[in-house]
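S.K.: Given the sequences, and given the hints that come with them, work out the whole structure.
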Amino acid sequence: NAGVMQNPRHLVRRRGQEARLRCSPMKGHSHVYWYRQLPEEGLKFMVYLQKENIIDESGMPKERFSAEFPKEGPSILRIQQVVRGDSAAYFCASSSTPGWGYTFGSGTRLTVV
Amino acid sequence: GQQVMQIPQYQHVQEGEDFTTYCNSSTTLSNIQWYKQRPGGHPVFLIQLVKSGEVKKQKRLTFQFGEAKKNSSLHITATQTTDVGTYFCAEETSGSRLTFGEGTQLTVNP
Numbered sequence: 001n002a003g004v005m006q007n008p009r010h011l012v013r014r015r016g017q018e019a020r021l022r023c024s025p026m027k028g029h030s031h032v033y034w035y036r037q038l039p040e041e042g043l044k045f046m047v048y049l050q051k052e053n054i055i056d057e058s059g060m061p062k063e064r065f066s067a068e069f070p071k072e073g074p075s076i077l078r079i080q081q082v083v084r085g086d087s088a089a090y091f092c093a094s095s096s097t098p099g100w101g102y103t104f105g106s107g108t109r110l111t112v113v
Numbered sequence: 114g115q116q117v118m119q120i121p122q123y124q125h126v127q128e129g130e131d132f133t134t135y136c137n138s139s140t141t142l143s144n145i146q147w148y149k150q151r152p153g154g155h156p157v158f159l160i161q162l163v164k165s166g167e168v169k170k171q172k173r174l175t176f177q178f179g180e181a182k183k184n185s186s187l188h189i190t191a192t193q194t195t196d197v198g199t200y201f202c203a204e205e206t207s208g209s210r211l212t213f214g215e216g217t218q219l220t221v222n223p
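Order-wise, the sequence lines are chains E and A.
Note that this note's numbering numbers the first sequence so that position 31 is 31, with each residue one more than the last.
Note that this note's numbering numbers the second sequence so that position 80 is 193, with each residue one more than the last.
Among the clues, some could well be false.
Quick list of in silico lysine-lysine cross-link-like pairs, DSBU-like style, CA-CA up to 35 Å [said to hold, decoys possible]:
#1 K62(E) to K183(A)
#2 K182(A) to K62(E)
#3 K149(A) to K44(E)
#4 K71(E) to K169(A)
#5 K183(A) to K44(E)
#6 K27(E) to K182(A)
#7 K183(A) to K71(E)
#8 K183(A) to K169(A)
#9 K172(A) to K62(E)
#10 K44(E) to K182(A)
#11 K172(A) to K71(E)
#12 K149(A) to K27(E)
#13 K172(A) to K182(A)
#14 K170(A) to K182(A)
#15 K44(E) to K172(A)
#16 K27(E) to K172(A)
#17 K170(A) to K71(E)
#18 K169(A) to K27(E)
#19 K44(E) to K164(A)
#20 K51(E) to K71(E)
#21 K44(E) to K170(A)
#22 K172(A) to K149(A)
Hints were generated in silico from the structure; no laboratory data involved.
Treat the numbers as computed from the prediction; the structure is a model and nothing was measured.
M.R.: Printed below as a string of structure tokens:
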């Protein structure tokens, strides 16, 4: 059981470029959650997905951010036209049954220069 | 929206001393989960409390859920350097999203 896999671990983008963050949940887990953590702060919920469905995207900024979890392959968090304020750690979490703790990936540290 | 307040923000202790972090809410919590995040690491699930007045122990860690389900605490007895990290409480709200507190950053001086 490889756990929740996220890649890349570190990502550097220039302002205006696109960032793509990938997350593969634990085997057997069908629920994926994305959280953002600014330096020295707690984690903030962004989006909750099941295979091919967005369940709750209330934490996603209205512009430039999108997420998907296709039938095959990892979940993708996409940030278009990145700005310096997007610099943060982005964590993916998965669970087999909501309510019994979540397993987090190692995160992607995005730096926008 | 729902907010979970956590105090203190920072705590420095000598190895062997005890440590407590508190989580408070102005409204009734449906449940509380605790996570630990090592420096540069990711959150790791520690425990979930659901029942009013619930107390759970994991070796040197004691977790409590208040009678009114508006507060929770994590107590570590005789801290060790391996306890270093940030401890977060979080409520799982309807729709399966976690609302995290701001965390308590623990440093332990050997």
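S.K.: Which numbered hints are broken by the structure, listed smallest first?
M.R.: 4, 7, 9, 11 and 17
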